[in-house]
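Chains as they are written, first to last, in the numbering used here: chain H, 22 to 249; chain F, 3 to 717.
It is possible that some hints are incorrect.
[Stated by the list, open to error] Capping the alpha-carbon separation at 30 Å, the derived lysine-lysine pairs in DSSO-like fashion look like this:
1) F:Lys-48 to H:Lys-196
2) H:Lys-246 to F:Lys-350
3) H:Lys-61 to F:Lys-692
4) H:Lys-84 to F:Lys-280
5) F:Lys-48 to F:Lys-77
6) F:Lys-689 to F:Lys-430
7) H:Lys-180 to F:Lys-48
Calculated from the structure, these hints are not laboratory results.
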Amino acid sequence: MTHRWGMAVDLDRCTGCEACVTACRTENNVRIAGPEESAKGRSIAWIRVERYYEGDFPDVRVKFRPVMCQQCDAAPCEPVCPTYASHHSEEGLNAQIYNRCIGTRYCANACPYNVRFFNFGNPVWDRPLDLPLNPDVSVREVGVVEKCTFCTQRISAGKDQAKAEGRELRDGEIKPACVQSCPTSALVFGDLNDPESAVSMLSRSSRGTKLMDDLGTQPKVTYLKKEY
Amino acid sequence: MNRRSFIKFSALTGTSATLASCGNPEYHLIRFIPEDRLVAGIAVWKPSICPLCSAGCGLTVRVMEGDAEVIRDGKLGVTKMGLAKKLEGDPQNPINQGKLCTRGQAAMEVTYHPDRLGHPLKRAGSRGDGKFEEITWDQAMAELTGKLDALAAAGNQKSLAILTRPQRGARGAVLAEFANRFGAAAPLAFEFFGNDVIRRANEMSFGKAQLPTLDLAESQFVISFGADFLGTWNSPVAQNVGYGQMRQGRPGMRGKFVQVEYRMSQSGANADEWVPVKPGTEGVLALGIANAIMKQGTRKASDAGHAGTLVDGWMTGLADHTPQEVEKKTGVTAARIERLAKEFSGQKPAVAIIAGAAVAQTNGLFNALAVNALNALVGSVETAGGIYFTPQPANLGTGTNFAKNGEIGAGAQVLFVDGANPVFASPKAWKVKEAISAVPYIVSFGNFIDETSVMADLILPDHSFLESWVQSAPESGAKTAVSMMAPPVMRPLHDTRATGDVLLEVSKKLAKPLNMPWQKFEDAVKEQPGGNAGRSPLPKPAPAQAAKYAEPQFDGDAGQYGFHFLPYPSIAFLDGSLAHLPLLQELPDPMSSAIWSSWVEINMQTADKMGIRQGDLVEITSSQGSIRVPAFPSPGIAPDVIAMPVGQGHENYTRYASGRGANPIEILAPVKEPETGSLAWAATRVKIAKAADADGRLVLFAGSLRDYPPEGMHR
Chain H
22 MTHRWGMAVD
32 LDRCTGCEAC
42 VTACRTENNV
52 RIAGPEESAK
62 GRSIAWIRVE
72 RYYEGDFPDV
82 RVKFRPVMCQ
92 QCDAAPCEPV
102 CPTYASHHSE
112 EGLNAQIYNR
122 CIGTRYCANA
132 CPYNVRFFNF
142 GNPVWDRPLD
152 LPLNPDVSVR
162 EVGVVEKCTF
172 CTQRISAGKD
182 QAKAEGRELR
192 DGEIKPACVQ
202 SCPTSALVFG
212 DLNDPESAVS
222 MLSRSSRGTK
232 LMDDLGTQPK
242 VTYLKKEY
Chain F
3 MNRRSFIKFS
13 ALTGTSATLA
23 SCGNPEYHLI
33 RFIPEDRLVA
43 GIAVWKPSIC
53 PLCSAGCGLT
63 VRVMEGDAEV
73 IRDGKLGVTK
83 MGLAKKLEGD
93 PQNPINQGKL
103 CTRGQAAMEV
113 TYHPDRLGHP
123 LKRAGSRGDG
133 KFEEITWDQA
143 MAELTGKLDA
153 LAAAGNQKSL
163 AILTRPQRGA
173 RGAVLAEFAN
183 RFGAAAPLAF
193 EFFGNDVIRR
203 ANEMSFGKAQ
213 LPTLDLAESQ
223 FVISFGADFL
233 GTWNSPVAQN
243 VGYGQMRQGR
253 PGMRGKFVQV
263 EYRMSQSGAN
273 ADEWVPVKPG
283 TEGVLALGIA
293 NAIMKQGTRK
303 ASDAGHAGTL
313 VDGWMTGLAD
323 HTPQEVEKKT
333 GVTAARIERL
343 AKEFSGQKPA
353 VAIIAGAAVA
363 QTNGLFNALA
373 VNALNALVGS
383 VETAGGIYFT
393 PQPANLGTGT
403 NFAKNGEIGA
413 GAQVLFVDGA
423 NPVFASPKAW
433 KVKEAISAVP
443 YIVSFGNFID
453 ETSVMADLIL
463 PDHSFLESWV
473 QSAPESGAKT
483 AVSMMAPPVM
493 RPLHDTRATG
503 DVLLEVSKKL
513 AKPLNMPWQK
523 FEDAVKEQPG
533 GNAGRSPLPK
543 PAPAQAAKYA
553 EPQFDGDAGQ
563 YGFHFLPYPS
573 IAFLDGSLAH
583 LPLLQELPDP
593 MSSAIWSSWV
603 EINMQTADKM
613 GIRQGDLVEI
623 TSSQGSIRVP
633 AFPSPGIAPD
643 VIAMPVGQGH
653 ENYTRYASGR
663 GANPIEILAP
673 VKEPETGSLA
683 WAATRVKIAK
693 AADADGRLVL
703 FAGSLRDYPP
713 EGMHR
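Here chain F stands alone, though its shape is the one from the complex:
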């Protein structure tokens, strides 16, 4: 024994002696075998994967010993166990490169949330009233297998529907394989801020139905059409890493960034040049720029290759889209378009990005095709400083099968809901709640009661990501293929089971066992995703007819409903799925500093004219209904637009989110992008009226934008 290990040894025995002699008598009992690798006060680091969005950032989790109340074999007890203390970015991960966004940091609270479900639950009251009783896992499994056996006995396997959230990896693969072997339809993934339009456009232009990886670190000029790529879209951490490099990471070189949008997003706030356009005209602006580039003679139409042929008139120089014509449609001056064209074609590499409201219009696909063609024109596809398509593994589970409206739950006898919350995140007009209510038997695998899982007959709560095997193969974020997996970081706090394991067990217990290819969920995780991980040339896209510009269509008559309504993903809550985390509720919004609140952004001059001041309650009415929210006048929004973050307005989503604020999704009109059928969530018009003076419960961390000291605030 050397000196150091002696000190270590005596420190250890010293601690246990102290523990044994004092403190809460409860804590004397070690009821479960503690983890012997942990030394009190010494942190160890374990890998995991952030589950909160599809970016799939790698984590290193700080684990230390602590006392936790846990449930084992149905009994509550105190045990010493390894507890995850903090989440940090994994420095080895090619996507997030050691960094982590604000939501990822807060993912910790998912595991330790006081309202997390800890046992299997069975509905005790009438559907949706939130009354459940605890049952054992044996009872729960018997119940579930009974229902599935009944379906199979009736030859009605098709009427099992599975609704999940986008997930790329083993968990989705188990769900898909279960559906396949049982004879049900493939699981549907539901996401409100979906990327169907972008995937479809990329498939048409470049032969890849996936989100692009942005190589910002190498870019000289970035023009983004509505993409909040620094806040919420695609792979925000990877994009922020690249952005920092683009701005100040190369001595003597600083990339320029132009943002085209009509409500200033967090990304737009960082732009050198912010270019407001009329809603739905982003694609025309891209064509105006392309027209000017061709006229300036630095590129010719054929340089865009196949992507160019998809835009009507491209090969003949876009004669309909001269900067003068485009000025009339977009409101951006011809001189500015010509200057942007010069900069975009003159700076190499230059890249154009499109997402957000620009693709959430009735002409969203056209807008995306136009921007794709612009990228192809300057040669920014699959080159440094442009966009890349990350090589994809083959077996991704539910990565690509996305739910459209009307499909959700309709006609099913048994519905599995896996973490998706379409009752909250879909327009009232879709009647999702009604469709789901009509399903005779609903099973939820979620960790929390939300607006959808409250309707369940049976809840089989999953482990949190820290307690479970995790695997992911992100769609974008790195130039090379990325596949990662990690074992559980800590032992479960509650009486939960990994959903993958539950399904595998059920598949064995059925009257006709399903013979799944894995014994345990762990086996599915360890199976590496197949497919070609190396970079290969882009496939040749299928020929398609050239798309012609069509004016964007909006729900609501412009005379009666004077404002465009823009719901946007909140930096804290994304589509509302994170509103239950107190860390994110108290996170000041970057643009307004609002916490614990809902608000509607309105142009300052417009607000002045209407007599609306900050905090005043405003009623917003669309053809679908109305909501009331406090106003936040801001200079960063067009005079005929109002914008509202999505995320608040939950009826039933833990103590922190329930009954707080309003949900803008409720009043959206069910307008579709016709080609993909996805919701055009930026195509609703509304009218507004002041409802009351300043009682909107708008809480700002920093007071108002321009007056100081802010009224009624002391700090």
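Just chain H, same shape as in the assembly:
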């Protein structure tokens, strides 16, 4: 059975601590833009925590929402790519082939979630900050669009491990870096084709919503609303 990877984000658990943000950066070799480039809006974050303030002092409320690629089933980023760099993988991921990308940025423009990032320059790590780069993830160079992959390298490693041990993958065995680090367990990852998986069960929750569902993008990330 093929897998169909998805995620559930419990907004009632998320505290906005941003552990996921740094976990993702270190796992996926996401570059540091530096102060000057960041001021031009060129800081890259495959996952970010959005904040929404409601009301005025003293009746103020804030909602945090971690946003990563929603891995849409009907992804607006895919059909616009002239080089098939953005494409749909067999397991339902919106994959990006960096060495096919010619930097038209059509995909980043088409994406309603703002989760595709263009590399305006070559990444720089002041030596020896390059030493901890993850050899399982390629470093993206200038002119290429990059995005969250649900840690595809971890998915492959998990599948290889299960195959080597001659067994099926266990639910929860594969964890993207953000999911693994999340202190409140707000992020849950798994196979949506398995109706018994934790992520499938959470996705069916009555609290569940999809981000900008009305656009018809059919995201595979479900947000479970905060309860008051």
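Got chain H; can you put chain F on it based on the hints?
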């Protein structure tokens, strides 16, 4: 040979053949013996302990083979070695339970930082100008032993002072034992956001001078008075784990969370109910709630036991603190106080927490005692869903001896500085820089040049935590005692030495050797902490006089200085000690999304009235001086308060932090909490004035809070 090992073998030989035939000729030479357990491309996992705060989270470190430029015997060379690639939470650890916070993830950069010190250094210019020359370890050790011998010869051992940061474990124990055997005073630990007031209050109320462990996972109702327990205070990862469980981990049960504070913290942003109060009145609010609970008749005053007797008027029902009276002082309506009281006493278990600005006032101890009494009233001490005191090992080194103002470096002939940076993290009025400058000889063991270590005469850089034996016994975070240790994860990148080993070696080389109980630092680490690891009933606290509510005192006249000034620990940098890590500089602040910046939060309506818009440069002036920072108008702050994250404003702290933003600590008035003598860092008043239109260099990851698209931002 079976099929698999054959493939493995051929893959191995294949790789080396390829390596030998191409690439940079530098890389042909294997100058140092490589680690034979590592296979290229295959990760192994090793344990370690996160050193960035006192929570002491357990790590598993992903190690893979790589080529690194390293220094061995004073020579630079390229070697294949095991390199730490990523830090992850240790699933076996009872504190962080496999999770790790954003700072812990970034701890990786401590080891690989481009500005990390790689050799012993000796001052070459005048003090503080940052000119150093490289010397060998032999020279460095001779220099250090010479200075200490001179002290001993003059019978002046007492004038060796040791200033360190809070550390719980072998490293602190070696420092303490060295000081003890040499005849110096016990090492002092310096931390800006200290917890002295909370420890003192807990000692008075419950007989335990330590931070509590919060059992949030079992709580039904949590009321926090100023504690940023989900962001920066105490054991944030453990508390986040418990919080997630409290909210959605129990089918059909969802704990409620109320936050009392006057500037919305990251923790407060998650509350079901955010209750702003006037600064310094958190304790009164707790007493108002207690009064209402007693009046509602669900609990009686004596239920609080000893903790209750510490609050004036408690045993007679807190007649001075009726919700109506408390409303006048706190600004929280009587009806709301009564409702909170009903919920707090009706939901079981319910727990109250206090920390942060609530204890950083002149009446901070009173506030903490009041909240302790409230906890005792509903029976939430040492019970499920309440607070626990983790059993403590006996030999903790410098765990509990904290520096107060004025003590730092004063009168010393030789000063050891071990990772503490009081020149940055203390109010100008303490004159720490002057006190330290007056010390004739300063030795620093830090990994980096910062505002304090730049004044050193001799720098003996430590290994990073990944290159060293590590040990820790955290004060809180788990219900059971936790003690952990780990061997080095990787070999050192630079010509550094573990500070524990340096001290042990010096102790042998002195004219009068000190006879330390360990040969190597490793021996000290392997010595398990002593003491009773099991849970025992709380000791009986010493009787004490009941504390009476006193109005909080603030520096600066309210007419002239119209705003309360709140410096708060930044989620990225804590007290500023992490500002050198680029991963954290580019981490969007949870409340503002600011990166690479300093900013001051100001109430939106107040800002409107003053014509201050986001990014405008604002001058903040206290009785002690002024700083300029860009404004960040926000709805989550009281109209008469401005708040600023601590961490930026370093003069001299690596290429990433130097000269960036402003340091709010600089302009704090030296106001103390009288009982403990610790700094009341939330008790300064300031005035503000707009200095310029939008040139504050405020960089936001996500633009402004409410207008879209944000001005001048394209994404």
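Taking only the CA atoms, is the gap from Lys-689 (chain F) to Lys-430 (chain F) under or equal to 30 Å? Distance of about 18 Å is within 30 Å: holds.
Taken at face value, is the distance from the CA of Lys-692 (chain F) to the CA of Lys-61 (chain H) at most 30 Å? At roughly 25 Å apart (the allowed maximum being 30 Å), Lys-692 (chain F) and Lys-61 (chain H) satisfy the hint.
Given pair status - Lys-48 (chain F), Lys-180 (chain H), alpha carbons within 30 Å: Status holds; Cα separation ~23 Å.
Pair hint outcome, Lys-246 (chain H) versus Lys-350 (chain F) [Cα-Cα no greater than 30 Å]: 25 Å, holds
For the pair supplied as a hint, Lys-48 (chain F) and Lys-196 (chain H), confirm whether the alpha-carbon distance does not exceed 30 Å. Given that 30 Å is the threshold and the Cα spacing comes to 19 Å, the pair holds.
Against the 30 Å threshold, does the CA-CA distance of Lys-48 (chain F) and Lys-77 (chain F) hold or violate the hint? 28 Å, holds
CA of Lys-84 (chain H) to CA of Lys-280 (chain F), is that 30 Å or under? 24 Å, holds
Going through the hint list in order, the structure satisfies each hint without exception.
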